[in-house]
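Take these sequences, add in the hints, and give me the full structure.
Listed in order, the protein sequences are those of chains U and P.
Be aware that the first sequence starts at 1, since it is given in this note's numbering, and climbs by one per residue.
Be aware that the second sequence starts at 1001, since it is given in this note's numbering, and climbs by one per residue.
Incorrect hints may appear among the rest.
[Unchecked claim] Computed footprint of chain U on chain P; a stretch qualifies when at least three of its residues, placed anywhere within it, have a C-beta under 8 Å from a C-beta of chain U:
(1) 1069-1077
(2) 1226-1238
[What the hints assert, rightly or not] Per label pair, the in silico range of CB-to-CB distance:
(3) Pro-1231(P) to Ser-86(U): 32 to 38 Å
(4) Gly-1152(P) to Glu-198(U): 48 to 54 Å
(5) Glu-1210(P) to Met-37(U): 19 to 25 Å
(6) Lys-152(U) to Lys-1191(P): 41 to 47 Å
(7) Pro-1213(P) to Glu-254(U): 47 to 53 Å
(8) Gly-1164(P) to Ala-29(U): 53 to 59 Å
(9) Pro-1213(P) to Ser-7(U): 25 to 31 Å
Hints were generated in silico from the structure; no laboratory data involved.
In this text, a Cβ means the ideal position worked out from N, Cα and C, and glycines have one as well.
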Amino acid sequence: MASITISLDKCNGCTICLKACPFGAIHMANKKAVIDMAACTLCGACAEVCKFSAIEIKEDSGQKKDLTAYRDVWVFCEQKKCVVQSISFELLGEGRKLADKLGVKLCAVILGSGIEALAEELAERGADRIYLVDHPALKSFQDEPYTEVLVKLAEEYKPEAILCGATTIGRSLVSRVAIKINAGLTADCTELDIDLKERLLLQTRPAFGGNIMATIITPNHRPQMATVRHKVMQEAGIEKGRKAEVIKKSYPEEVFKSRTRLLDIVEEIGETVNLSEADIIVSGGRGMGGKEGLALVGELAKALGGAVGASRSAVDADWIPYSHQVGQTGKTVCPKLYIACGISGQIQHLIGMQSAKVIVAINKDPDAPIFKIATYGIVGDVFDIVPALTKEFKRVLKK
Amino acid sequence: MNIIVCIKQVPNTTDVKIDPVTNTLIREGVESVINPFDAYAIEEAVRLKERCGGKVTVLTMGPPQAENALREALALGCDEAVLVSDRKFAGSDTWATSYTLAAAIRKIGDFDVILCGKQASDGDTAQVGPGISAHLDIPQVTYVKKIEEISGTVAKVERMTEEGYDVVETPLPCLFTVVKEINTPRLPSLKGMMRAKSAKPLKWTAEDIEADPAALGLDGSPTRVIKIFTPEQRKGGEMLKGDTADISKELVELLKDLVI
Ligand SMILES: Cc1cc2nc3c(=O)[nH]c(=O)nc-3n(C[C@H](O)[C@H](O)[C@H](O)COP(=O)(O)OP(=O)(O)OC[C@H]3O[C@@H](n4cnc5c(N)ncnc54)[C@H](O)[C@@H]3O)c2cc1C
Ligand SMILES: Cc1cc2nc3c(=O)[nH]c(=O)nc-3n(C[C@H](O)[C@H](O)[C@H](O)COP(=O)(O)OP(=O)(O)OC[C@H]3O[C@@H](n4cnc5c(N)ncnc54)[C@H](O)[C@@H]3O)c2cc1C
Ligand code: SF4
Ligand code: SF4
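Here you go:
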């Protein structure tokens, strides 16, 4: 069983570890650090920061495994209705960098039905090799057949890393795959890098609702798996005519079996863009006063070609469906521009939008917390400012 | 119908603050609560029981104080509670957490539905639910926003997607992870609170759930956290001043490159 100890000889009582512990598990007694074993999760943050090497975490790691058989960086490419989703291009862009650092191939995996033509597109986006499985059962995402196929591919071709989008599909799929192939999986990464010496994927991700960042590795298991947040990585460019090796795999029918049955796919987002895909989001909160007020937000969004978001208060008041809610219990978005209208900026809302590139806040209360994070703040009445902005944007964009 | 609902005790996010001097997380005085998404899982479990009969068992893996979360769940209408707690679980990543919970679920035995929250507000991975179903080799439907129909052997549910939702039919037993849209949780009843007070949650150790020690805690976890740091705090920028017309012109000018 793994354990943690603090050497009383080495500890000089500097209290650095105490502040580093995200679980409040360390306190000082007689000028020495003491760990509360009931609260400690063995996360290792304290050992990392102690300048006196006073903290030691011991593991019962079995033998070091031979991981040399695992090579190449894979990207799981999502398609819907035979259209490759933009998250896949972002992953190919990032995967290219990682593969180059490691000196290995970048491989794309694509599953679907009638998708052979998509290989060309993936090659032009930088894939060196494409694993393609075409079968009617893979037409739309279903947990079990997708899992089985990805497991089979990974077992046969042994990649050292697999990247997948942190989307509803990605998070469901690879969480299941990682268990079956005994791999480590890091969620919702916003930064990836390589430790070349150990050939490790350095995976950095937000946790505690974005309040802290953690860097995570998978030292002794392969493949190293990660889901990556949408809209964070740069899309791979297109190189017309670029070619890739295509490996078409087929499997016995039982691999494609699914206990669940997909009866229908309903698309709800009509008039505006899908929130998580949107580059521009205009959001309304309780300050918009009602459905009519929120319509002003919609008009501004429309003028900008953006999507409409909302605070929970606006959703709870039934002014707009839940699918528009941004925040801890809604969607996490990462647009280039986020305009918050009549939103106070409580932490649960900020969690969902604070990684937007530019934030504009419009609020009549100069002390509203939203101004603390806004790139541009406007103190004023939304019923005044929002329509004026719509008009001005329309005027300028027409040119 | 036997329903198992998995809940996690997490620090209350409203209390999570960053020390502006040291730029570290202040945990002092931070209250522990039931993960917000798990409240919807508990409510859905109790509603399923009201709809189909049966019983709800609430399960958590955590330190001894996680018992408080279980009592809260009992007050909300769950019937039985199980705490799996052992120092051997420390350092579990989602692989080891879902292994441990799956082993506990096997010991509970008879179940038709397992409910989890969409994700926990601290670890934030959304990996434990699918992990449990993979370990148990049962079907899963994630991001469920509605259980349309359910009988003893099959269920029809709506699964939220980026564009709308999928309608999925699944045989039981099955694991669902649920989103907020699925229901509005009730408040605890007085009767429930009384019952919760005197209830005795079952407490199981690693040995009780017959888990393989090598698959537990840090030893059973493929991932390692090597660094934790606070992101640079976003700073407030410029306040635009003037009358509405000036402000609109100025802002549009500032944002022009971004929106074209
Ligand atoms: C567990 C949990 C999860 C949560 N999850 C979420 C979540 O996912 N998303 C979310 O948004 N919230 C969430 N919340 C709720 C959150 O704490 C806030 O209550 C909510 O974000 C407030 O919404 P609001 O800013 O629209 O309303 P308020 O806080 O009421 O703010 C309204 C603002 O509008 C301003 N205003 C009023 N009239 C005008 C006017 N005429 N012109 C200009 N400004 C005006 C006011 O000054 C005020 O700042 C959650 C809470 C909890 C406890
Ligand atoms: C900063 C940080 C980052 C981390 N990043 C990763 C990572 O990228 N990959 C990884 O594998 N591990 C990671 N971990 C470890 C992970 O947080 C733990 O394994 C944790 O026990 C479960 O993960 P979660 O909080 O993300 O839960 P989620 O998977 O988000 O929880 C989903 C649902 O599963 C159920 N559930 C979760 N935990 C329990 C429990 N203990 N008891 C009962 N039900 C439960 C609940 O219904 C919950 O709503 C990280 C830990 C920290 C501190
Ligand atoms: S950081 Fe190291 S030396 Fe400083 S108090 Fe902690 S254990 Fe002791
Ligand atoms: S290992 Fe992590 S949880 Fe344990 S005392 Fe150190 S920092 Fe705190």
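key: Structure versus earlier hints - violations, ascending order   = 1, 3, 6 and 7
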